[in-house]
Every structure is written in structure tokens, then in C-alpha cells.
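Student: Chain by chain, the residues run as shown.
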Amino acid sequence: MIGVLAFSRPEFPLFLHVFGAMILVGAATTAVVAQLAPGVVMGDGDRMRRFSFRTLLFAALPAYIVMRVGAEWMYSKEFGDSTADDPTWIGIGYITADIGALLLLIALITAGIASRKAKYRLGKASGVVAAIALVGWIVAVWAMSGKP
Amino acid sequence: MDLNDWILSLHVLSAFALVGAMVIFWIMIVSLWGTDSTSRVASLMRVSQIGTVLVSVGSLGTIIFGVWLAISVDAFEIWDGWVIAAIVLWALAVELGRRGGKLYGDAGTEAERLAAAGTETSPVVAETFGASRALQFHAASSVLIVLLLIDMIWKPGA
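Sequences listed follow chains A and B, in order.
Everything in the first sequence is counted per the numbering used here, starting at 12 for the first residue and increasing by one.
Everything in the second sequence is counted per the numbering used here, starting at 1487 for the first residue and increasing by one.
A hint or two may mislead.
Stated by the list, open to error - Facing chain A, from chain B, some residues (calculated, C-beta under 7 angstroms):
1. Leu1489
2. Asp1491
3. Ile1493
4. Phe1502
5. Val1505
6. Ile1536
7. Val1574
8. Leu1575
9. Trp1576
10. Ala1644
These aren't lab readings, by the way, just hints derived from the structure by calculation.
Each residue gets a CB set at the ideal place from its N, CA and C atoms; glycine is no exception.
Hey, can you work out the whole structure from these sequences and the hints?
Tutor: Structure follows, in C-alpha cells:
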């Protein structure tokens, strides 16, 4: 009964969206630092490339899906019947989510190849791409909360 | 955007920093689960340094901007039940997180020292990065943070 009540309230999609986004930001930060920070121990490179790839695959990607499902669910509840133009902050959210998805996939694939074939520069490129996505998502957090 | 919008924005960004740091620590804990390798732990210590910065900024930012918001916005009061619950949950989560972080930090520093000295394994490191007291503190802190997020979104009684 409690579960039914919780799912029928509009706050649940918001919780799903925000929680997914928080995990996504944490996971992306982890992957970026692992790829771009200089090594401290011999053999660090391979280990950190593998760590970064697994973080993107097992944490960032599922978190992105949860964030996006929550966003669509909330959008259909809040703006589903509206014929008016979306507010600016919704537009910022969609742009950063869509471009972020593409960047996340590029970072994930390049991190996977870099991890498998021990390619140093490809690993760094993966970190830079993930960092660009991360900046976009932070802008989205600002836009979603401040609603400019 | 007026002042309250900016305060809310900074409050939410701080919350992202706080939860983001918790996620960083969870990824490290899972990745290092049960390891006795000092070099593996030493490698990930630079990731944890970012987490430590984020958890400090996030903890302070959420409480400062949160209390400021409760005072500044007419619809809310600092003595509202859900606001008081949030402050209590925040205080407990931060203290438990600090205790867990200290235990993990000490083990990480020890791992770095041993790795630099050429010692490859350590039972102390293996114990800490397994089912340890540090894990209990971190797990309890994480549960409280999730409850805090639920309180913030549902605002019971508001």
C-alpha cells in the first residue's frame, strides 16, 4: 500500500531523476579523475584505465538511464498536456542530457578500447570527453534548480 | 533569477557535491573490496582526495545555503518539522561519514607508505577495505543521506 502511494505521487519521478543525476555526477567525476590525474605507482596506467572504464559502464551508464527515465516520467506528468513552449530550463536540461548521452557513450567506448589495448592517449581522450559531459551536467543542475 | 533562486541553486549544487563524494567512496570501496594490495589502494587515493574535497564543500554548502533558504523563503520556516528533520539527518550523516572517512583515510595513508617502501600486501589494509567498522559508518551515513534527500523532495508536513 505504501509502495502504491509512493509511486502515485509526483515526487517519486523527481526523486528518481535527482538521485540518478547525483550518482551520474559522482561516477563521472570518479572516471575523469582516474583517467586524467597523474599516476603515483608503477603500473598505475592500466589499472586506472580499467577502473575508469568499469566505473563508466557499471555506475555512470545505469545512473544516466535512471536519471533520464525519471526526467521523462516527470515531464509527462508536469508538461504532458501543455501545448505552450517549454521553459528555458527544460530546454537546457534536454540539450545537456542528449549531448551528455552521446559524450558518455564516446567516453565509454574509448575507455573500453584504451583499457583493453593499453592505449595511454585514448584513455586521456576518454577522460577529457567525460569531463566535458560532466561540465554540461553541472550546468544542467544549475539550470534545473535556479530555473533561469 | 533572484537571490532565493541563486541560494537554492547553490544548495542543490552542494547536495550534488555531497552525494557525488559518497558515490566516489562507494565506487572505491567496491573496487577495493577485500584487497590486501598496498599499490592498488595507493593508486586510488588520488580519487579519494577529490572525494574528500567534495564532501567538505558539499557538507558545508548544503547546511549554510539550506538554513539561509529556510530563513529567506516565506513559505518555509527553520522550525518546520521537515527542516528540523533535515538538519538532524545532516548532522548524523556528516559525523558518521567523518568517522568512516577517518578509518579509510588512515588505511589509505598506511597503504601509500607501505607501497612506497616496497611492501606489497598488508592485512590491515585488507581488513579495512572489507566488512569493517569503516564500512558500517559509511553505509549508515549513506542511508541517512538518502533519507535526507527523500525528506527534501517529499517535504512531509509542508
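Student: So, against the hints stated earlier in the document, which numbers end up violated here?
Tutor: The structure conflicts with hints 1, 3, 7, 8, 9, 10, although it agrees with all the remaining ones.
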